[in-house]
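With the hints as your guide, set chains B and C onto chain A.
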Amino acid sequence: MKLGCCYYPEHWPEDIWAEDAKRMVEMGLSQVRIGEFAWSRLEPTAGQYEWEWLDRAIKTLGDAGLEIILGTPTATPPKWLVDSMPDMVAVDEQGRPRKFGSRRHYCFSHQGYREQCARIVEAMAQRYGENPAIVAWQTDNEYGCHDTIVSYSEAAKMGFRRWLSDKYDHVDALNSAWGNVFWSMEYRSFDEVEPPNLTVTEPNPAHVLDYRRFASDEVVTFNKLQVDILRARSPGRDMIHNYMGFFTEFDHHDVGRDLDVASWDSYPLGFLEQFWFSDEEKLRYTRQGHPDIAAFHHDLYRGCCAGGRWSVMEQQPGPVNWARYNPAPLDGMVRLWTLEAMAHGAELVSYFRWRQAPFAQEQMHAGLLRPDSAVAPGGHEAALAAADIEKLGQIGETAKSVALLFSYEAAWLFEAQPQGQSFRYLELVFEMYSALRQLGLNVDIVAPDVALDDYKMVVVPSLPILSPSLVERIAKLDVPVLFGPRTGSKTADFAIPADLAPGPLQQLIPLKVARVESLRPGMTEKGSDYEVTRWIETVETGLSADEMVDDGRGIIFSSGPVGYLASWPPAPLIKRVFAAMAKEAEIATLDLPRDLRVRQLGHVHFAFNYGTGDCDITDHLQGGELILGEALIKPAGVAAWTVA
Amino acid sequence: MKLGCCYYPEHWPEDIWAEDAKRMVEMGLSQVRIGEFAWSRLEPTAGQYEWEWLDRAIKTLGDAGLEIILGTPTATPPKWLVDSMPDMVAVDEQGRPRKFGSRRHYCFSHQGYREQCARIVEAMAQRYGENPAIVAWQTDNEYGCHDTIVSYSEAAKMGFRRWLSDKYDHVDALNSAWGNVFWSMEYRSFDEVEPPNLTVTEPNPAHVLDYRRFASDEVVTFNKLQVDILRARSPGRDMIHNYMGFFTEFDHHDVGRDLDVASWDSYPLGFLEQFWFSDEEKLRYTRQGHPDIAAFHHDLYRGCCAGGRWSVMEQQPGPVNWARYNPAPLDGMVRLWTLEAMAHGAELVSYFRWRQAPFAQEQMHAGLLRPDSAVAPGGHEAALAAADIEKLGQIGETAKSVALLFSYEAAWLFEAQPQGQSFRYLELVFEMYSALRQLGLNVDIVAPDVALDDYKMVVVPSLPILSPSLVERIAKLDVPVLFGPRTGSKTADFAIPADLAPGPLQQLIPLKVARVESLRPGMTEKGSDYEVTRWIETVETGLSADEMVDDGRGIIFSSGPVGYLASWPPAPLIKRVFAAMAKEAEIATLDLPRDLRVRQLGHVHFAFNYGTGDCDITDHLQGGELILGEALIKPAGVAAWTVA
Amino acid sequence: MKLGCCYYPEHWPEDIWAEDAKRMVEMGLSQVRIGEFAWSRLEPTAGQYEWEWLDRAIKTLGDAGLEIILGTPTATPPKWLVDSMPDMVAVDEQGRPRKFGSRRHYCFSHQGYREQCARIVEAMAQRYGENPAIVAWQTDNEYGCHDTIVSYSEAAKMGFRRWLSDKYDHVDALNSAWGNVFWSMEYRSFDEVEPPNLTVTEPNPAHVLDYRRFASDEVVTFNKLQVDILRARSPGRDMIHNYMGFFTEFDHHDVGRDLDVASWDSYPLGFLEQFWFSDEEKLRYTRQGHPDIAAFHHDLYRGCCAGGRWSVMEQQPGPVNWARYNPAPLDGMVRLWTLEAMAHGAELVSYFRWRQAPFAQEQMHAGLLRPDSAVAPGGHEAALAAADIEKLGQIGETAKSVALLFSYEAAWLFEAQPQGQSFRYLELVFEMYSALRQLGLNVDIVAPDVALDDYKMVVVPSLPILSPSLVERIAKLDVPVLFGPRTGSKTADFAIPADLAPGPLQQLIPLKVARVESLRPGMTEKGSDYEVTRWIETVETGLSADEMVDDGRGIIFSSGPVGYLASWPPAPLIKRVFAAMAKEAEIATLDLPRDLRVRQLGHVHFAFNYGTGDCDITDHLQGGELILGEALIKPAGVAAWTVA
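If you read the protein sequences in the order shown, they are chains A, B and C. Mapping of the first sequence onto full-length UniProt numbering: residues 1 to 644, in sequence order. Mapping of the second sequence onto full-length UniProt numbering: residues 1 to 644, in sequence order. Mapping of the third sequence onto full-length UniProt numbering: residues 1 to 644, in sequence order.
With the rest of the complex left out, here is chain A:
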């Protein structure tokens, strides 16, 4: 695995570039990402390019032996460009144009802006496409950051109408698919359809889902426009985009089809603070991040490009600036996060950023260096990690074990119709993922259309729209498969299947969901050693339940290798179910303490201590040989061993 960093030559005096490059190499870094916010420097005014500074920056970095990932600057169109076509900005759900003054101030559907993007990308590709220092391109930056996928602009409205026309051909098909007869919402032509915002009460969820699909498709074509230009002009270079954490607003699998490497930006402390974790978890892991946050994304993004290639484009190196609270990582965590990425198979961990900027929005975001160029704690740990990586050497592939199916469309669907405020798809998936990880299992998070043949066990947290082809593929497997609540509960048009949920899944397991309930916090259905919260279904079936709550309702059913969970997963129960499935699949499981996580890569076992106390892994070594760390792992410590 390589290490790298994000660097902004345009932020620093040119006379320190060479020294910076030299220090990067000394720290053990071999790649550097540059250029992704530099449009106003590359083209200070319309059509007047200034390449010379970037020529020199690339030469300086390349001469130092660094491989360069060059970003396209389309996330930050300059003011002159925005002023030349003011309607290029996105419009928010409240109908307000989103103004210039930060970044991502564009609408994916604006054709004029797409032309401008094609022009600047073409110009960069012409100049640097064959530059030997350039090894990869990053398109744009963090698609969707700051809630920028769904726009309600005029451009988006016109794009949506075209998209609908392509999909439905005739407006009657749309009216029928959406059930527009319901409240006289029928249209006479596609030109009558509007974005589903600012309606009096909730819009038709089918309308919303199609809008989300359209918005996601717009990202795909926006990205592909750049990729196509770059591939033509810059042969042999990797095409990369840097995805974000806990973000589902567009289909990353779809975008990933046009990339060579899926990368992501890993900020475990910020994500812990900003997302749904409990106060107890936020305090317990305040300097470490929840032990499954980074791993979840590693395992997710590995599934986003055809070849399984992935990397961390931005790794948190210290306190950040953007969370509600921004503590410093525990000493050792930056190294731990780095090695954990390695254990999950990353090609690169690139720290964000080389040196902390003393100005503008992110001046309180740590770098590997402090603003005064002294090495910051994160820089010291990066150097340690570099040494560890060298020591560990190249490690082979891992055999497939557990597949966890993840669907971006499912996330949109449940947002359009949660039916209970606490039914959140990403959280459901994360809880199941975490239960698997607590059993020490290697997990691949995969798209619903991926080949499952080599997996020993399959978990589908929920897949409301269940394609016949997936049912067919599952039918051919002979491994344990668990489907979670609301699977098969909708048709592709966002309707209840004629034979009710779980729809086509009934071909694999004979049951029908007769009724569903969402439960308010505090309301539970008691089981043996667990309580069902949030969601429970009433199932009609001839099967006898594997597990029942006290009122007699079954919540786990199975038919051969296929299981169905008819509730939000209670933690103790789901862990037990997964352990049983693993046993059935002949995969070994562990009973890990709360703060410990393990992963196997090739022949190497890794263990990571997310706790603030020591953790003894002697029992887990199984006679293996330690090649990194010790059996008593210190807080934020890492151990690695091989088993003969």
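A few of these clues could be false.
Note that the list lumps identical chains together, so a pair holds whenever it fits in one copy or between two copies.
The list that follows gives simulated cross-link-like pairs (lysine to any residue, SDA-like), each with its CA atoms no further than 20 Å apart [to be verified]: (1) Lys59 - Ala133; (2) Lys512 - Pro358; (3) Lys157 - Arg96; (4) Lys99 - Glu154; (5) Lys157 - Pro86; (6) Lys526 - Glu280; (7) Lys634 - Gly552; (8) Lys476 - Pro510; (9) Lys99 - Thr201; (10) Lys512 - Asp372; (11) Lys512 - Leu470; (12) Lys99 - Val181; (13) Lys526 - Thr612; (14) Lys512 - Val375; (15) Lys575 - Glu281; (16) Lys59 - Glu19; (17) Lys99 - Asp191; (18) Lys99 - Ser189; (19) Lys99 - Asn175; (20) Lys526 - Leu330; (21) Lys99 - Phe190; (22) Lys476 - Asp449.
Hints listed in this document are in silico derivations from the structure and should not be mistaken for laboratory results. Note that the coordinates shown come from a computational prediction; the quantities given were computed from them, not determined experimentally.
Chains B and C alone, transformed into the frame defined by chain A:
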């Protein structure tokens, strides 16, 4: 009492209509409401009517023996109509037009839309007015749902100016009534007045109150426009509107004056979840609804039409889709709710809806049938209720007992000027109502202008604007009357009376409110076995207090039969006060357990168990004869008995 | 000290003016403020002045012996004026024009409105400037009330561009100062710059800070425009503005430079309810206000005019109308607040208002009289206070003791970049002030540019932008000085200093802040008898720490008389530090009980009991002679004594 359901022939293939109708009759239903959202099917494009499908639907239903309530479709104007006059939509308080895509996207003040409504209603009335299957009309649907009464559109602004001109004649009168001198808010003409939104800080409350009165009056004339057309073309049919729960944005008494039957839409679980109830109550009654929610509205809407005729147009039959959390009712609750409506004197309980829709916004809202046409739990309970109703037969009228005065204007006034965040009028009324119900009393919730002569006891939770005529009417009574806090605290112009609160009430009880305080949560004034929260007044009077808090302030005073409560009602105290009043009035009271409610209709006593445990009512039977259920009432159970 | 009240002759029938004036004098009042909201009565329509009523009001009040403070009515432009130039209103951060219908509906940057203000002020000054009854003028009313300082209007945008051009001369200087290269935010001319609202994510904090500075400067010139006119036409009269409580949106020191007297509007109960105090404090002091609220502002506003002249223009006399909850003050508090203002050196305490208005927005706001003209509790206490003041007589000046530096710019800076949700500058200052007060110290809250030579001890809670001149001035002092966290952490351009924080302070104390952390609630760093919350810094220094938390990080350092606190101040620790500094400075301290506060004015010591129990101050009398009250102070009681 009849049973019925809401049906949407346009949602289903025509070939199942006859079977549906037959099954309705078999289930014990005799009425069916149709048509209220069907505009786009009745007139798919401007002026092109398509009646045939509705002709056939009416015939099919009528032929099965069902009586039809036909709705006017004005809650869902089609897109072509909105596009023909885009300014017909309401504008929200933030100044945003409320877009097409759900329902109720119209402004009551838009004259063009009123003309369109008159046109479609006239057309329907012409075609179906004398159809023998049609027994009633429902105007529009749930006026005000989704916050749609108060609009800040151009049409509303112009309408408000006309309304003000009619009321005040000269702008000087308006300036004086509102006290516009206060912050140089004086106008030179009515044409300078604007809706009271988006002001820098709070607008003049007198301005707000007049805007609320205007907005309510707009609903009245909007409704009357339809009623007048229908009465002319459809003689002998009942005019009905379906009101909502816990909704005070327009004066239902005023609208009711033009109706024959006041109906309402009863969703006890959704209302429990969405309104002010405590977490403890929301958990305790999560599958039942608070025991006073349905009864409160039954007793309220019975007072909304001159003849006291009322019904439940939509009865929750299972989980709904629109609350934050949507649990299923406890087994038996649908039957309980149905019989409780009967006990309160309903003419009809109509379930919403016949069959759960598999598409669009409400696809997760249960029906009597499931989407696959199997009978849902609610359908089974409806059939049970039908049998019970037949068994109970026709029951006579009830003698008047307790009157509780309710004023929509009071709700607007306290919203415009709560003076303490926790002073909420509807909650005050509900708490007093609940205290009366816990004593086993029959209550009529009545408008302030209603004749009170036949009542044995009168409760006025609060009536800030106290008309001289009401004072006169009360003066003539010789029964116990209690007035709650802030009664008489305002003039009709929203000013403090010259002789201070309680204004004209001082003619009945010699006291003056010298000072008022709102108390933050946790702040209390202690009394004997209770604590005053939220609100307390300092009273100046020669009377000695009936009840004092520890700092010596009196909070209950009486002068002959007239009492005054100078605080938010503490639960134990108000129950004691009401019991004493009842004793004085020679009305028997009971001391009911928390989950039990009773009601007397004619000679029949009913008891309803809202708890999840059994409830023994042997003590309450008083030697009566059980005609339904048993003395040990199961959870969600009902008992009825007659006393010789 | 004088007493006065706010009076609105235009609200009352002319025939009661004389009686009102007579009663004011009898109550012990000698000043009266009038006129500040009367524009629509002075000029009912454009250019048509009506002075006669005001002539008579001034004569009536003056004849009764009252001195008049005349307000300019510019906070309430009439509707005809707004209609004549609709773009004069401010635009809020969401882009919505703020409508007519309450007050303060103007944008400080609108040149047309400034001309109108100059015209009406000139007209008033011409007519009343030399009227002997007029002793002072109040400009406008509560600048900034209802969030009205920062406007995003077209006028503000144009004003901001001019302001930037004046400051930076060339746009390259702006780009460089703000670090606009960061996200391609560079401008080619000042005409491209926009207000920093509605950006996709946070705007550049340097952009925000300059916008706040601009907005503050607009208030300064708006105020000066009026003052210049009034000074020319009304020689010898005091120029006053009435500031608010806990309000930092413009630089009060800058505005104060053009005034003779800084006054403020004191509503201790409303401020307690509306600001950051804990629930425990809000309940404990619900009828008293937190014991440091009033004193904090007295000591702050004494530092806002060159001569140290200040007064209370509006004193809460009973329950108000505008807080979430509005309880009544404890009996005695109105008197206590009055005498406490005296103890802090006020020239005037003027009650708001004479008689409670029965109409419009503030009808629930108590006055000295009730709406029915009976004396309200506040009126009785004002009379008692008047007697006390007469008894105490004229008291001399106080020697300087502790200086607490306060910077409005610091407040804007930390709002633009809190870096942790709980880092709130005003709260930081208040907590330090409160700790000083609990030690019985006299505190002056002063601007950063004030001469510090006569102080015995200096506290700088935080000063992120530390001017070289202040460092020089501190270097010359030989008294204990403590600097709080984040001092010197930014350059004047909102960047991190090249030598890191505390920037130039490193000249006085050799340390560097290597890293900072914000801590979520519940996250603490433990020390000996305290816990650090909210904020902690990691300091690099050769100094040994005076105080360390358990992880070994120093949080207090000192170098000679200069100290640095590297964390949010833990209450027990900061009190200990201040006590030690005071000892070093040879200032006596006390250990006061929680509810007691003292202040020394000249030779008189005052004590104020903010508790609801008695408080014995015998120990604090030090053999002094009581001249007011007794040693056992009742709740809301006051004692005063002199020490020989």
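For each hint, the structure was consulted:
Taking identical chains as interchangeable, the C-alpha atoms of Lys59 and Ala133 lie at most 20 Å apart only when both belong to the same chain, with a minimum of 8 Å there against 80 Å between chains. Proximity of Lys512 to Pro358 under the C-alpha cut-off of 20 Å is restricted to the inter-copy arrangement: shortest distance 15 Å between copies versus 60 Å within a copy. Taking identical chains as interchangeable, the C-alpha atoms of Lys157 and Arg96 lie at most 20 Å apart whether they share a chain (15 Å) or sit on different chains (18 Å). In this homomeric assembly, Lys99 and Glu154 come within 20 Å of each other (Cα to Cα) both inside a single copy, at 15 Å, and across copies, at 15 Å.
With identical chains, the CA atoms of Lys157 and Pro86 are at most 20 Å apart both within one copy (16 Å) and between copies (17 Å). Taking the shortest alpha-carbon separations for Lys526 and Glu280, only the inter-copy value of 18 Å comes in at or below 20 Å, while the best intra-copy value is 23 Å. Taking the shortest alpha-carbon separations for Lys634 and Gly552, only the inter-copy value of 19 Å comes in at or below 20 Å, while the best intra-copy value is 47 Å. With identical chains, the CA atoms of Lys476 and Pro510 are at most 20 Å apart within one copy only, with a shortest distance of 17 Å there and 72 Å across copies.
In this assembly of identical chains, the alpha carbons of Lys99 and Thr201 lie at most 20 Å apart only when taken from different copies (9 Å versus 27 Å within one copy). Taking the shortest alpha-carbon separations for Lys512 and Asp372, only the inter-copy value of 11 Å comes in at or below 20 Å, while the best intra-copy value is 65 Å. In this assembly of identical chains, the alpha carbons of Lys512 and Leu470 lie at most 20 Å apart only when taken from the same copy (19 Å versus 60 Å across copies). For the identical chains of this complex, Lys99 and Val181 are inter-copy neighbours only, at 18 Å across copies versus 38 Å inside a copy, given an alpha-carbon limit of 20 Å.
In the homo-oligomer, the alpha carbons of Lys526 and Thr612 lie at most 20 Å apart only across protomers (15 Å), although the nearest pairing inside one protomer, at 33 Å, exceeds that limit. In this assembly of identical chains, the alpha carbons of Lys512 and Val375 lie at most 20 Å apart only when taken from different copies (14 Å versus 61 Å within one copy). In the homo-oligomer, the alpha carbons of Lys575 and Glu281 lie at most 20 Å apart inside one protomer (19 Å), although the nearest pairing across protomers, at 33 Å, exceeds that limit. Taking CA atoms no more than 20 Å apart as the test, Lys59 paired with Glu19 passes inside one copy only; the shortest distance there is 13 Å, against 80 Å between copies.
For the homomeric pair Lys99 and Asp191, the shortest alpha-carbon distance between copies (15 Å) is at most 20 Å, but the shortest distance inside one copy (28 Å) is not. For the homomeric pair Lys99 and Ser189, the shortest alpha-carbon distance between copies (18 Å) is at most 20 Å, but the shortest distance inside one copy (32 Å) is not. With identical chains, the CA atoms of Lys99 and Asn175 are at most 20 Å apart between copies only, with a shortest distance of 18 Å across copies and 35 Å within one. In this assembly of identical chains, the alpha carbons of Lys526 and Leu330 lie at most 20 Å apart only when taken from different copies (16 Å versus 39 Å within one copy).
Taking the shortest Cα distances, Lys99 and Phe190 sit within 20 Å of each other only across copies (17 Å), while inside one copy they are farther apart (29 Å). When the C-alpha separation of Lys476 and Asp449 is checked against a cutoff of 20 Å, the pair qualifies only within one copy, where the shortest distance is 14 Å, while the shortest distance between copies is 75 Å.
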